[in-house]
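Protein chains in written order, with the working numbering: chain A, 1 to 308; chain B, 1 to 226.
With a cut-off of at most 30 Å between alpha-carbon atoms, the simulated BS3-like pairs for lysine-lysine come out as follows:
# : chain 1 : residue 1 : chain 2 : residue 2
1 : A       : K254      : B       : K155
2 : A       : K135      : B       : K186
3 : A       : K157      : A       : K294
Far from chain A by the CB rule (all over 12 Å, computed), these chain B residues:
#  : residue
4  : K76
5  : D77
6  : P83
7  : E89
8  : A95
9  : S106
10 : R112
11 : L114
12 : H185
13 : K186
14 : W218
15 : E222
In short, the hints are calculated from the structure, not lab data. All C-beta atoms, glycine included, are put in the ideal place defined by N, C-alpha and C.
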Amino acid sequence: MSKDPGSDDRGKFDKARRNFLRGLGMGTAAAAAQPAWGGDTLSDTFADFFQKHYQRMTSEEITETLERIERKAESRYGVEISCENTPPQPGVVFGYAINISRCKGYRDCVDACVQENNLGRDSQVQYIRVLQMDKGDSNLEHSEHYYDPETVPVEGKYYLPVQCMQCDDPPCVKACPVDATWMEPDGIVVVDYDWCIGCRYCMTACPYWARHFNWTTPEIPAEEMNTDTHFLGNRPRPRGVVEKCHFCIQRTRKGRQPACMEACPTGARIFGNLLDPDSEIRYVLQNKQVFRLKEDLGTEPKFWYFSD
Amino acid sequence: MSPRWNATFSTTTRHSLEAGTTVEVPSWAAIARLLVSCLLISAIFSARADELPESPQDSRFEGYPNAPEIRVVPRKDDLFFYPCNQCHEAIQPNAEIRPLSAPHDSELTHGRGLIWCLSCHDVANRDNLRTLLNEQVDFDDAHLVCAGCHANRHKDWTFGVHGKRVDNWTGERTQFSCTHCHDPHKPAIAPRAPQPPPPVRTGLELTPGSEHVNEPAWARPEVNQE
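For reference, chain A alone in the conformation it holds in the complex (with noise of 0.2 Å):
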């Protein structure tokens, strides 16, 4: 008996519709095993929708939102967080100075901050980069991105860790048609990322590679989750947002170290206060031979490197 080629087709055709009827009676089961609106409760739902810009929110919207980014967090990741707004120090403006002769390109400071700022394991971004370079050549676009040598330092190369610059005339605020990035009192440059539309312009105002887009949710194991957090630094970021360096707003507001800083073992990173003449990144500036990259392009970036 020859076989119908139709019932074929047909056979398919109703394992499919038997697989999408199964899908949606798993779908109602899920559903009725956590609450609706994907984990979320239907206020928090219709308050994230209606959340305002976060310079534009009053003082009790913003604690009615870091309680919800809280209760979002711990039903997402099964973390009890802590999320805070640690306002700017009055006559602070942050700088960080590298010595470049002190940089062996160990990378700990990438380590950690992928660490500290709840990085996506999984989704490729990372604030620092350190890049390998040729002695006595500064050209960026010769620099090696991905060495990995059996040991550190090579002869023959020095090692030039970039990260966001903090610039003081910022391009990438510039860019932003919605406004979700500005240049707090201290000089970090932040983003909101609720209020971030995900255009991307911003990531191409940058000259310095420094700013990164969440391709997909990040994922962060529940046991490595950082849970000191900040409004606008290292809070579990959404899918389809911008992020950047910020200068570890949530350890640096409250006077500790950023984490790259912390944890390089060679102290080529000094980090400081601008305005305070006894400071190390002063010191630095006013004693060191110091360079900035792409000067020339009028950004003012408050990072700075030396070697000595």
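Fit chain B to the given chain A structure using the hints.
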């Protein structure tokens, strides 16, 4: 001071010119003035010598001008053999330069053979270090010993530009000492493995031959395009 010298010089010159000879015949008055000025100069120099410190104790390092106050992380508790006098009290000091036996490392790469144990360790009291001026220095203040030769680095360290500050960027400065990072007997830091490289972003994978992109076009090897 200088007018007196000028006057003396010009007097003798004029005299020799008037005499029309090359032999200088200074007047007695000029010689007297010369003597007086020599006495004056020696008096001034001897006065300055009195002001200079005589004993090393007076020249003890008191920090750089405008240097911030720092607290140094203590290190004595981390030292395995400390206090050294546990053994050394019973051992006769031997100042002869020789390779040491166990438990001490026989190799000393620091100073390329120009220094030896007792350049930094005090011979009389092994629980102390010594500076080049033979001052006694506690092990927790080892940076004062390092400063004897590495003054530039020490100054940078004092101002927080070399070395590592602990935990905070503001408030009390606590810094690790030199010997936390540098083994004083082998100060060079050995190379080590880096953390893994970043993932290659989609679309940015290396193409064949791209590792030669930094070389000039004529030096790149031919890549098979098929």
